[in-house]
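Number of protein chains: 2
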Amino acid sequence: MAASPKYLTGDREGIKEFIDQFDVFLFDCDGVLWSGDHLFEGTVKTLEILRNKGKQIVFVTNNSTKSRTEYMKKLTNMGIPATVDEVFGSSYSAAIYISRILPLPPSQKTVFVLGEKGIETELDSENVPHIGGTDPSLQRPIEQKDYEEIASGAALDPSVGVVLCGLDFHINYLKIALAYHYLQRGAVFLATNIDTTLPSANALFPGAGTCAAPLVAMMGGKKPTSLGKPSQAMMDAIEGKFRFERKRACMVGDRLDTDIRFGIEGGLGGTLCVLTGVTRAAEEWKGGETVPSFYVDKLGDLRVGV
Amino acid sequence: MAASPKYLTGDREGIKEFIDQFDVFLFDCDGVLWSGDHLFEGTVKTLEILRNKGKQIVFVTNNSTKSRTEYMKKLTNMGIPATVDEVFGSSYSAAIYISRILPLPPSQKTVFVLGEKGIETELDSENVPHIGGTDPSLQRPIEQKDYEEIASGAALDPSVGVVLCGLDFHINYLKIALAYHYLQRGAVFLATNIDTTLPSANALFPGAGTCAAPLVAMMGGKKPTSLGKPSQAMMDAIEGKFRFERKRACMVGDRLDTDIRFGIEGGLGGTLCVLTGVTRAAEEWKGGETVPSFYVDKLGDLRVGV
Chain A
1 MAASPKYLTG DREGIKEFID QFDVFLFDCD GVLWSGDHLF EGTVKTLEIL RNKGKQIVFV
61 TNNSTKSRTE YMKKLTNMGI PATVDEVFGS SYSAAIYISR ILPLPPSQKT VFVLGEKGIE
121 TELDSENVPH IGGTDPSLQR PIEQKDYEEI ASGAALDPSV GVVLCGLDFH INYLKIALAY
181 HYLQRGAVFL ATNIDTTLPS ANALFPGAGT CAAPLVAMMG GKKPTSLGKP SQAMMDAIEG
241 KFRFERKRAC MVGDRLDTDI RFGIEGGLGG TLCVLTGVTR AAEEWKGGET VPSFYVDKLG
301 DLRVGV
Chain B
1 MAASPKYLTG DREGIKEFID QFDVFLFDCD GVLWSGDHLF EGTVKTLEIL RNKGKQIVFV
61 TNNSTKSRTE YMKKLTNMGI PATVDEVFGS SYSAAIYISR ILPLPPSQKT VFVLGEKGIE
121 TELDSENVPH IGGTDPSLQR PIEQKDYEEI ASGAALDPSV GVVLCGLDFH INYLKIALAY
181 HYLQRGAVFL ATNIDTTLPS ANALFPGAGT CAAPLVAMMG GKKPTSLGKP SQAMMDAIEG
241 KFRFERKRAC MVGDRLDTDI RFGIEGGLGG TLCVLTGVTR AAEEWKGGET VPSFYVDKLG
301 DLRVGV
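Protein chains in written order, with the UniProt record's numbering: chain A, 1 to 306; chain B, 1 to 306.
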């Protein structure tokens, strides 16, 4: 089980063998295909080679700020051909979970969102009512009257039954206070994902997990249910949509604690770690519990053997 | 050691005996004297009685948003006579720690502040250079160029050697990103205090601990050194200033994990828990490690026995 991962960079035969054993490749994006706005060399060609071999490509992203359509545009703008159907994001995963799986009383169907437009779009796509999010009336400092109105409940919508945290570039004190009071009144605590960092410009920036962190602290350590990687709710939804044999699928990612764990816990046939994102060296999984089955310096290294 | 706390409400003799055994009373404020802008009944009279008996009063607050002078004004505006010297706040405690105790290289003396004016005022009072805080240029959403400039270091001040987190009502993504990059470059991680909640309007709102929480999450769980209650750095500074016998001092507070723990770990002669703030019932300390030596329903109950 804990066999050493196979290093594929420069191993022409190994790469061929690797590709042949899978029908489906699930790709994390940030840190794998690109970092921020920098597309890694060889990304486009590698995907093209896989498509030409008839492989199913799925872009599995924990990025909650973009809807599937927006994310597809990001992919194509970066020069990566993609369709909306190939995109599976954590906001979409959360929307599906809320609309189809989560039992909520009819009077408590509204979602209070800590996050960006992408979450709102995906909730809309599943007809889930929501407040908060990008509401401009919440883009301001807290005022004295807010304390009174939040405490009394006058500022709260009684139909809110869920607090959904994603990455919110406009996080502020007022929104954290509102979210906390909804949780205190019994709302279900969900997160699109709980990545603490987000790679950009070859560095790390605050991820969705940092937007949930203040609430987790206030709730005495109670964590949200995450609907992004490594949550298996997301894997089940992906399998339900694409209908593949898990042993013939490979998860490709840069993060051990989300991507690689997601693939291992999902029982996929393999996991491929790239060293262009959060994980920077093979030493990082030594002695750890989450070890990929393959790794390369960068995704583009797969071009060599094909 | 783990004797049951003595309940003083309505116990005239018990209250007299309680007061007589102390020379110094350290008071937490929010949740003890008032909640938000609501002064509890009997607060003023109780303090007056203690002063008339020659007791030293110290207002020990983890409120980091106000300087000692501002806090003294808050006290007097609430109708509570107080002098600046009687106020001991977590921002002041942090400023003293940074200026007099923390060893920093001469080129790394600047503090990046996540917090409000009170922290800046207290740092100024100790001649500690600082950036961040209430700087209006940081009161905006993050922009694309920020990612590049933060990642490259161009947007970072190389003289920053400390990140100090207090309660920041204007917390935003940009400031969290900057603080994280300073920490990544080796800045010392300090907090004025780590209370996760702040009582106001008879309810709880996000406390300073929620401003540090995103950074703690990004740093893989690494916590800041806190200079507020229950940190004994604060107790040492208070004792250094007021020079009292610890066995003749009593800490009065509403929070077990900060106030009562602060008094117990500081070896004070007693701790008094009031049930007007975070702690609402005697059941809350049952079976726990932090048990006060006395408790009352509200501070004003001490009037009865005097």
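None of these hints come from the bench; they were simulated from the model.
Be aware that one or more of the hints could be misleading.
Because identical chains share one entry, a pair is satisfied inside a single copy or across any pair of copies.
Here are the computed lysine-lysine pairs in the DSS-like style, where the Cα-Cα straight-line distance is at most 27 Å [as the list claims (entries may be wrong)]:
1. Lys-74 / Lys-145
2. Lys-222 / Lys-286
3. Lys-55 / Lys-247
4. Lys-55 / Lys-286
5. Lys-73 / Lys-145
6. Lys-145 / Lys-298
7. Lys-74 / Lys-222
Note that this is a predicted model, so its numbers are computed, not measured.
Right, here's what the structure says about each hint:
no.	hint	in the structure
1	Lys-74 / Lys-145	between (41 Å within a copy, 18 Å between copies)
2	Lys-222 / Lys-286	between (30 Å within a copy, 21 Å between copies)
3	Lys-55 / Lys-247	within (14 Å within a copy, 75 Å between copies)
4	Lys-55 / Lys-286	neither (31 Å within a copy, 61 Å between copies)
5	Lys-73 / Lys-145	between (42 Å within a copy, 21 Å between copies)
6	Lys-145 / Lys-298	between (53 Å within a copy, 26 Å between copies)
7	Lys-74 / Lys-222	neither (34 Å within a copy, 34 Å between copies)
Checked against the numbered hints listed earlier, the structure breaks hints 4, 7; every other hint is satisfied.
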